[in-house]
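Participant: Chains as they are written, first to last, in our numbering: chain A, 1 to 344; chain B, 1 to 675.
Incorrect hints may appear among the rest.
As the list claims (entries may be wrong) - Per the computed footprint, the stretches of chain A lying under chain B, defined by three or more beta-carbons under 8 Å from a beta-carbon of chain B, are:
id	stretch
1	93-107
2	115-122
3	132-144
What the hints assert, rightly or not - The following label-pair restraints were derived from C-beta to C-beta distances:
id	chain 1	residue 1	chain 2	residue 2	range
4	B	Leu170	A	Asn25	52 to 60 Å
5	A	Asp90	B	Pro568	50 to 58 Å
6	B	Tyr85	A	Asn25	18 to 26 Å
7	B	Thr260	A	Asp90	19 to 27 Å
8	B	Ala109	A	Glu104	56 to 64 Å
To be verified - Among the chain B residues that face chain A by a calculated CB cut under 7 Å, a handful are:
id	residue
9	Asn249
10	Thr250
11	Glu252
12	Ala253
13	Asp255
14	Leu257
15	Gly258
16	Thr259
17	Gln263
18	Pro271
19	Gln305
No lab work stands behind these hints, which were simulated from the structure alone. Beta carbons are placed, not taken as given, at the ideal position from N, Cα and C, and that holds for glycine.
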Amino acid sequence: MNNPAISVRNLWKVFGPGGEKIPANRELSALSSAELLERTRCVAAVRNLSFDVAKGEVFVVMGLSGSGKSTLVRCLTRLIEPTSGQVLVDGNDVLQAGTAELRELRRRKVSMVFQHFGLLPHRTVLDNVSYGLQIRGAGKSERHARAREIIELVGLKGYEQHYPDQLSGGMQQRVGLGRALSGDPDTILFDEPFSALDPLIRRDMQAEVIRLHKEMGKTMVFVTHDLSEALKLGDRILIMRNGEPVQCGTGDDLVGSPADKYIEDFVSEVPRADVLTLKWITRPLADTTPRDAAVLNSRLIIRDAIPAVMHSSCPVLVEEGGRITGQIDRDSILSVLQAAEAAA
Amino acid sequence: MSVLLQVRKTAQPAPATVSEPRRRPSRRAILLLSAAAIWILGFLVLNGTATLALPASELTDLHRSLNQFNAWVAANRADNPLFLYVFTPLRSAVDAVASLFTTTFAATATGLRLPEIGWLGTVGLLTWIALAVGNVRVALLTAAVFVFFGIQGLFVEATYTFALVLTAVLLTLLVGIPLGILAGIYGRVARVITPVLDFMQTLPTFVYLAPLALVFLIGPASAVIATVIYAAPPVIRLTAHGIRRIPDNTREASDSLGTTGLQRLLTLQLPMARRTIVMGINQGTMAALSMVTIAALIAAPGLGQTVVRALQSLDVGTAVNAGLSIVLLAIVLDRVTTAASRRAEPGSARRRRLSRRTRTVLLGISFAVVLVMVQLSRTVLWAAAFPADLNLGPQIVQAVNSASHWLQSNLSLFTVSLREGVTGAVLNPFQSLLTDTPFYVLVTVIAIVAYALGGWKLATLATACLGVIIYLGLWSDSMVTLAGTLVATAVVMVLGIVFGVAMGRSSRVDQFLRPLLDAGQTMPSFVYLVPFLGLFGATRFTAIVAGIIYAAPVAIKITADGISGISPTVVESAVASGSTPWQVITKVQLPMARQSLALAANQGLIYVLAMVVVGALVGAGGLGYDVVAGFVQSSIFGKGLAAGLAIVFLGIMMDRMTQAAAAAPARRIPSKSTT
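Extracted from the complex, chain A is given alone in its bound form (with noise of 0.2 Å):
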């Protein structure tokens, strides 16, 4: 990651009286939460955090409710002033920024949607999604043609002169992830967008979002406490406790290799087959195995394997980077479906 689209460093977030003494008091900021809580009266939100997003990556922060994901998300454009550390978007530090320049980046450069919408009521599909460009100056004519794009965009398209309350959750939704895309922005934060919605809206919703991922290849980042989210939509996943960071890695890293009991409770219900790849499960390459079977690639989803592997009468080769690195065969496959089954 040599030009990271956000890169933070040692952020800290504590709310309370006193709160900005914390993170450079080495005795106090290496306390629990609790333990912090009795001695201070502090809330340390977000504690010594640092992590690179990569451009045009879908950045997953994952976490329950009170591990501090919002507060570290609303820190990113200072929504909530961090109380130490460094944010870098595109290489320049944010907390350094001043009011105007912290202005110019939520117009111009992050943008973010939100968990219940924050839709302006007296306000249509229209002159909502355009707001943003209403608030850096932009003309009349100009902001509504932009609008209506935007809007046949995240499939609105007849609805501009309608009023959010006339409007389901999910179509809020879209006139909110609307607003986040009128202004260009190079990045958008999402927090918990999808949390406030039925299942089904919320599956169509974050199909909605890998779509316009694909096609405007944006960098997102993406705050939810639904690990099948995390693992649907996230190149990478953060997963954070208490307000510090447990395990970033990509889904497949989390579920085949959690870094402590917390991550395996959390991943242990999570279909292994759907999420794990080859790599997961390759064995050393055995004598016996004709060097002429098929060859799969070790960064194949195991689901995706099984017809290949219950097809052929001998163990399947696996590759990466050109060179087999091992082998795998119905056993292999067998065992992580049962492991799965069990678990269910």
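For this one, chain A is given, so just place chain B on it according to the hints.
Facilitator: Just chain B, lined up with the frame of chain A:
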């Protein structure tokens, strides 16, 4: 006060004896019981001593020095820099605005009693304004009511009142909306402003008048300034509330797009708070009307003056006629501002039948018609002055007078016996219990009660308030006012509980009563005196009945909201376990609505106090009489001013004590659960 407390106290120990022993309520009960014992013992043994009675015409040294202060102000008005550079210019500026409106709508200074734009022009213009801010229905109502003022023979008086209300409301908005915006945006401003507004709203309209007349002289300017002070709190409060109520996530979403503070105010906060702000304008307007009518006591022209004069000469017919005008004006102002707030509702645009353009065209055409009407009024006599042969005022007055005589002579058996019965059996004994007990005994009793309700702080406050009243030399008059207030509040609470429970339990009763109560609350305090004057004559009893009727709506509404606010699950579970309706009311609904009941008592008390004081106009004695007399006779001006102050301190004391009573149960629950 202690009448209420005794009711509350006897209700309390009952559950205490059933459950495990609790220390605090029983200690409170002991304190309250001992206070009652001291009081009765003091009354019986020391009856008539140290009552601090001061005959109506007598003054204390303090009153005399206030008189001298009044004289000093009068003598130095012309050359004192404070007056020269602050008060007098302010007065002239307000006067200029007020006379702009009064000459336009009511009467020019030529003495012809003709408005600048004639009666037809006035009706036309006001109807057009109602159409522009509201809808066709309120515009027709406006036209009908203003024409009716002419038929009543009160066109000039009514338009005077209207012009003063308009002036005051415009100035109120000029002050109130910016302050409200500041208070809505900055928590610190709100923290400074809120206690001031709380305090201002506990004061009866009456007490603003004397100090303002002292500084700004009597007349329209003082009336407008008093009105602005009285009408500003609801405007400030609701504006701030409207802005603060905007959900955080909406605000955050707008911030995330990079709005500046001004952009946020213009695109988010003001549009989203618009409806609440217009509701504030509605409440402010109703408050303004109430104050402008009472300001007749400091020579504000208009309907108020007609009513005051009629009340003083016991001319029921004229009072009813003018009172009716006030009621109609209140209805028009309420309907028009309510229609304006409907229009301000988010999304109301899409429900309209007319497109914006058609509407603008129609308004333009109708405005042209108004201009024609104005022009007509300036050229033709019948359009300038309301035609005399349509003036049915004298006939209305006559008819009401004979109806009132008929009622008084035929219902006298009922009205007189009710009045005498209540006065003899309740009012007089209770009043003498307060006035004939030595003051030190009563101060002790009230201090003990205050301590029981709110600890040392409240006891100190109550004692201090009583100390000030004694210092003002008006102890005895204050006790007369207190007696009337407490009796009326007790009745108000009974009404509040009976009707509030009925409304809280049945939505049909609620639907039936609520519009009546809403209408009752919009009326200026003073018109309540008029019908009861017709029924009961000029006595203390009349003022108390008017106070009860004036205060009952607010108490009933708060109680009803408290009862219907109880979670339906709780009521359902009580019914499911086999409770009778009576058991549900007494064991579940009333105890759970206790806080609302205390709030109802608090608000009821403040309303009653306002009315009992105004009741001086129809023969209630006490502090109100001193205030009114102070306006009339400059020799007792000082006493009137002191009486105004005494009302303030009496009000503060009762307000804080009922508030403490409201807060106390909530405080007890956590302390019980922790032990």
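Participant: Could you run down the list of hints and mark each one as holding or not?
Facilitator: Hint-by-hint comparison with the structure:
1. 93-107: With 6 residues close enough to chain B, the hint holds.
2. 115-122: holds (count 8)
3. 132-144: Check passed, 4 qualifying residues.
4. Leu170/B to Asn25/A: 52 to 60 Å: holds (57 Å)
5. Asp90/A to Pro568/B: 50 to 58 Å: Holds, since aspartate 90/A and proline 568/B (Cβ atoms, about 55 Å apart) stay within the stated range.
6. Tyr85/B to Asn25/A: 18 to 26 Å: For tyrosine 85/B and asparagine 25/A the Cβ distance comes to about 57 Å; the hint is violated.
7. Thr260/B to Asp90/A: 19 to 27 Å: About 23 Å separates the Cβ atoms of threonine 260/B and aspartate 90/A, which means 19 to 27 Å holds.
8. Ala109/B to Glu104/A: 56 to 64 Å: holds (59 Å)
9. Asn249: holds (4 Å)
10. Thr250: Threonine 250/B check passes; min Cβ-Cβ to chain A is 5 Å, inside 7 Å.
11. Glu252: Given a least distance of 6 Å, the restraint on glutamate 252/B holds.
12. Ala253: Nearest chain A Cβ about 3 Å off; hint holds.
13. Asp255: holds (6 Å)
14. Leu257: With Cβ-Cβ at 4 Å, under 7 Å, it holds.
15. Gly258: Holds: closest Cβ of chain A sits about 3 Å from glycine 258/B, inside 7 Å.
16. Thr259: Since chain A brings a Cβ to about 5 Å from threonine 259/B, closer than 7 Å, the hint holds.
17. Gln263: Check passed: Cβ of glutamine 263/B comes within 6 Å of chain A, closer than 7 Å.
18. Pro271: holds (5 Å)
19. Gln305: Violated. Min distance 44 Å.
Consistency with the previously given hints fails for numbers 6, 19, ordered from lowest to highest.
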